[in-house]
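Protein chains: 2
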Amino acid sequence: MISIREIFKNTENYIDKEIEICGWIKTNRGSKNFGFIELTDGTNFNSLQVVYGKELGNFSEIEKYTLSSSLIIKGKLVESPGANQSFELQAKEIKLIGAADNTYPLQKKRHTMEYLRTVSHLRPRTNTFNAVFRVRSLIAYAIHKFFQERGFVYFHAPIITASDAEGAGEMFQVTTLPLEDIPKNDEGKVDYKKDFFGKETNLTVSGQLEDEAFALAFGNVYTFGPTFRAENSNTPRHAAEFWMIEPEMAFADLNVNMDVAEAMLKYIIRYVLENAKEEMKFFNKFIDKDLLARLDNVVSNEFERITYTQAIEILEKANKDFKFPVKWGIDLQTEHERYITEEVFKKPVFVTNYPKEIKAFYMTENDDKKTVAAMDLLVPGVGEIIGGSQREHRIDILEKKMKDLNMNMDEYDWYLDLRRFGTCIHSGYGLGFERAVMYITGMKNIRDVIPFPRTVGNANY
Amino acid sequence: MISIREIFKNTENYIDKEIEICGWIKTNRGSKNFGFIELTDGTNFNSLQVVYGKELGNFSEIEKYTLSSSLIIKGKLVESPGANQSFELQAKEIKLIGAADNTYPLQKKRHTMEYLRTVSHLRPRTNTFNAVFRVRSLIAYAIHKFFQERGFVYFHAPIITASDAEGAGEMFQVTTLPLEDIPKNDEGKVDYKKDFFGKETNLTVSGQLEDEAFALAFGNVYTFGPTFRAENSNTPRHAAEFWMIEPEMAFADLNVNMDVAEAMLKYIIRYVLENAKEEMKFFNKFIDKDLLARLDNVVSNEFERITYTQAIEILEKANKDFKFPVKWGIDLQTEHERYITEEVFKKPVFVTNYPKEIKAFYMTENDDKKTVAAMDLLVPGVGEIIGGSQREHRIDILEKKMKDLNMNMDEYDWYLDLRRFGTCIHSGYGLGFERAVMYITGMKNIRDVIPFPRTVGNANY
Chain U
303 MISIREIFKN TENYIDKEIE ICGWIKTNRG SKNFGFIELT DGTNFNSLQV
353 VYGKELGNFS EIEKYTLSSS LIIKGKLVES PGANQSFELQ AKEIKLIGAA
403 DNTYPLQKKR HTMEYLRTVS HLRPRTNTFN AVFRVRSLIA YAIHKFFQER
453 GFVYFHAPII TASDAEGAGE MFQVTTLPLE DIPKNDEGKV DYKKDFFGKE
503 TNLTVSGQLE DEAFALAFGN VYTFGPTFRA ENSNTPRHAA EFWMIEPEMA
553 FADLNVNMDV AEAMLKYIIR YVLENAKEEM KFFNKFIDKD LLARLDNVVS
603 NEFERITYTQ AIEILEKANK DFKFPVKWGI DLQTEHERYI TEEVFKKPVF
653 VTNYPKEIKA FYMTENDDKK TVAAMDLLVP GVGEIIGGSQ REHRIDILEK
703 KMKDLNMNMD EYDWYLDLRR FGTCIHSGYG LGFERAVMYI TGMKNIRDVI
753 PFPRTVGNAN Y
Chain E
303 MISIREIFKN TENYIDKEIE ICGWIKTNRG SKNFGFIELT DGTNFNSLQV
353 VYGKELGNFS EIEKYTLSSS LIIKGKLVES PGANQSFELQ AKEIKLIGAA
403 DNTYPLQKKR HTMEYLRTVS HLRPRTNTFN AVFRVRSLIA YAIHKFFQER
453 GFVYFHAPII TASDAEGAGE MFQVTTLPLE DIPKNDEGKV DYKKDFFGKE
503 TNLTVSGQLE DEAFALAFGN VYTFGPTFRA ENSNTPRHAA EFWMIEPEMA
553 FADLNVNMDV AEAMLKYIIR YVLENAKEEM KFFNKFIDKD LLARLDNVVS
603 NEFERITYTQ AIEILEKANK DFKFPVKWGI DLQTEHERYI TEEVFKKPVF
653 VTNYPKEIKA FYMTENDDKK TVAAMDLLVP GVGEIIGGSQ REHRIDILEK
703 KMKDLNMNMD EYDWYLDLRR FGTCIHSGYG LGFERAVMYI TGMKNIRDVI
753 PFPRTVGNAN Y
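Residue numbers (the working numbering), protein chains in the order written: chain U, 303 to 763; chain E, 303 to 763.
Please note: incorrect hints may appear among the correct ones.
It does not matter which identical chain is used: a pair holds within one copy or between any two.
[As the list claims (entries may be wrong)] No more than 27 Å apart at the CA atoms, straight line, and that leaves these computed lysine-lysine pairs for DSSO-like: (1) K648 / K671; (2) K397 / K671; (3) K311 / K378; (4) K661 / K356; (5) K648 / K356; (6) K587 / K671; (7) K410 / K568; (8) K672 / K447; (9) K328 / K491; (10) K328 / K591; (11) K319 / K702; (12) K658 / K356.
FYI, nobody ran anything at the bench for these hints, they're computed from the structure. Quantities reported herein were computed from a predicted structural model and do not represent experimental measurements.
Work the whole structure out from these sequences, hints included.
Following this line, the structure appears as structure tokens:
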């Protein structure tokens, strides 16, 4: 059995040879004496044209085989006179394996994205989703390849956790207590001693803090795993379950952090452009006509680097009516971010050194005592795609901050240990994996880049 | 800044050059006029020897720098006259970045594995755990590399799920309902309409069913993600949170399934042997003296393939006192599995075609109607490491089985769709990632191959 991918890749090895292939019908057009089947086996974006003629004993049955039926076909691969493809398979034998009757939900017509979400188990059989999920897979691999080639250690942060990386954020609780009859203790509170872990646990919102522990042992590490937000936000950019990549580097300052983020993003895009040519052409044609130009712009330009203060100055001078007024101290909104990256610089822009009030406790306080060594990467078409920082490595400053925020110091004692025993400058960032997939495919809804998306009210499959 | 890994790898590029390195002290021995620091930056299993002399202004301070303090060192890499390493760094400048005082929990002495688990944030700084987690990372990458090179699509199965892949198994519940005050409906039952997803949800125990949907769209796919079991089993081989690899292949029967499993396991082991030579030597010396011989045996032999019925015959004839009596129909116990793989065949053995009563509903029923097309891979030293099957692709047989098991047919309707619309023979297997890491490192407790393990009563960090 030869895959259609292999036939397209090494066609010369198979021309004029008898081969056996298998797959599913994408189209089937019969006429009086012969017919054409477009067959896909899922391995290749383009399907293979199969020609069958009257000489086949089951010709009249083949003609009736319906969309998505599975077949095994023996035949000879020959050069094709006209048509789109330069080769086709002349069938000698076509065997029906599994029929698909006319209740098959994806009949040959355009379906809305909304409808396709209701059949998430079948939508990867469509061109769009076949392309999306293959590219998703390639991006994931490119990320591993990038970090492994640079000696980073891949690290699995815990999914179930008793701590909360951001000191906030809505979380899913994980429990084995019976909800019908929650055990209570003498004080009338939930008796977590009876829960599986003996305490209240949640699904992780970030692996960063644990990541730091590993960076201070291995130098360079990265996580790539699922993270969760129980936010009741029904937007095209939010899912309750999504994957995140979080590299963390010891003895690396904010500049190194930006260097790595820039190199990584370029590496991923190049990898996809090289390894999913047909898919990317398809996206550019049917999903987003500016896609390839935009990605090309990203890989071929050095990213801009400006401070938050410079960004505010630019926005204040802008002859533009922003919905959210601009003033030093505000958190940049998507409209601001997109103006900077799309209209001012027309390429990716790192914005650094944000006001400390709008950023997380673990970021390094700058000498001005007003800003922290944070960086956000803004890209045309999206806005923020990466967020990172140099971490506060000075225990006195970190402890004071945590106390000011009323954080539970006992719970974070291990995190402070990292500053007690051989602390050093270290930095890292987070890339939302699905954001990256959306960016590279041009898909506009996060539900359409996740195999089985989880959002408010939806955990089907 | 040059990494110690780079210095070891391309030593000739740096000999007699001035370089700057950073890292943490592993040992520091001063004498009257000079001293030696073993420095690690985490990137390399072996540390770099740094020699410092009286000519350094802060000589008397350097002598006092303690274990795990972080330093930045400038110096010249020179060939070393005697000693273990053929090169060392002659320090020109040693700068203390972060001291580690004498409360550092990992002072220079042997610590028990149990103690080290209590400092999971620091244990990767020890030789053993540095080696374990680097090898864990390499195994993960080797798995991706193996499948990607063969065109498999990496697929993220959902973590939060409303279905239960095995029709059994203890699961963690995921909820946003307030446990202190669970909302009830008119019937006095938990009102899941108020929960985040509008229904009862759990953490996945396997991505296999969703995996099948993707295999029937892409041909060859694999998952690699976390799975969960809320089993109250406090053993060295069970964790509540662990990672699993589940490849799934369309148009592939049980033989192809075994071919891929065998090729994958050999590929991973070879990759680690090539890319973690020092670590593997270390394990062989300090953790398990038979390790390298055992792994070499695995990569250099064709795996044996026998049926369950043959396995039972072998066990019945064995001159051996098994704790669990042998009889056709029993589930093989570890003692049986290890006898077959260690004493009879002395190499990995696939056992196929198990009695249907002891295997899952989704496995293909064989023509004898007594057995199913299942396969388990048994390896010396462990027993079962991989379990898989050819999936039941015939809707009538599958439906009957599910009904006999009183499964909720509505919930699995989408799974039956895969048999309704172009069904085909397909197969897959599951590899417990941590089991693989234990097997390849020789580590005996699953808690010692997971960065921050989750087990009954333990969700620290």
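Right, here's what the structure says about each hint:
In this assembly of identical chains, the alpha carbons of K648 and K671 never lie at most 27 Å apart, being 32 Å within a copy and 66 Å across copies at closest. Proximity of K397 and K671 under a CA criterion of 27 Å is satisfied inter-copy only: 26 Å between copies versus 74 Å inside one chain copy. When the C-alpha separation of K311 and K378 is checked against a cutoff of 27 Å, the pair qualifies only within one copy, where the shortest distance is 17 Å, while the shortest distance between copies is 51 Å. Taking identical chains as interchangeable, the C-alpha atoms of K661 and K356 are never at most 27 Å apart, the minima being 71 Å within one chain and 46 Å between chains.
Proximity of K648 to K356 under the C-alpha cut-off of 27 Å is found in neither arrangement, the shortest distances being 59 Å within a copy and 56 Å between copies. Taking the shortest alpha-carbon separations for K587 and K671, neither the intra-copy value of 49 Å nor the inter-copy value of 52 Å comes in at or below 27 Å. For the homomeric pair K410 and K568, neither the shortest alpha-carbon distance inside one copy (37 Å) nor that between copies (43 Å) is at most 27 Å. In this assembly of identical chains, K672 and K447 lie within 27 Å of each other by CA distance neither inside one copy nor across copies; the values are 38 Å within and 46 Å between.
For the identical chains of this complex, K328 and K491 are neighbours neither inside a copy (59 Å) nor across copies (47 Å), given an alpha-carbon limit of 27 Å. When the C-alpha separation of K328 and K591 is checked against a cutoff of 27 Å, the pair qualifies only within one copy, where the shortest distance is 25 Å, while the shortest distance between copies is 56 Å. Proximity of K319 to K702 under the C-alpha cut-off of 27 Å is found in neither arrangement, the shortest distances being 74 Å within a copy and 43 Å between copies. Proximity of K658 to K356 under the C-alpha cut-off of 27 Å is found in neither arrangement, the shortest distances being 76 Å within a copy and 44 Å between copies.
Figure legend: structure checked against the earlier numbered hints; hints not met, in rising order: 1, 4, 5, 6, 7, 8, 9, 11 and 12.
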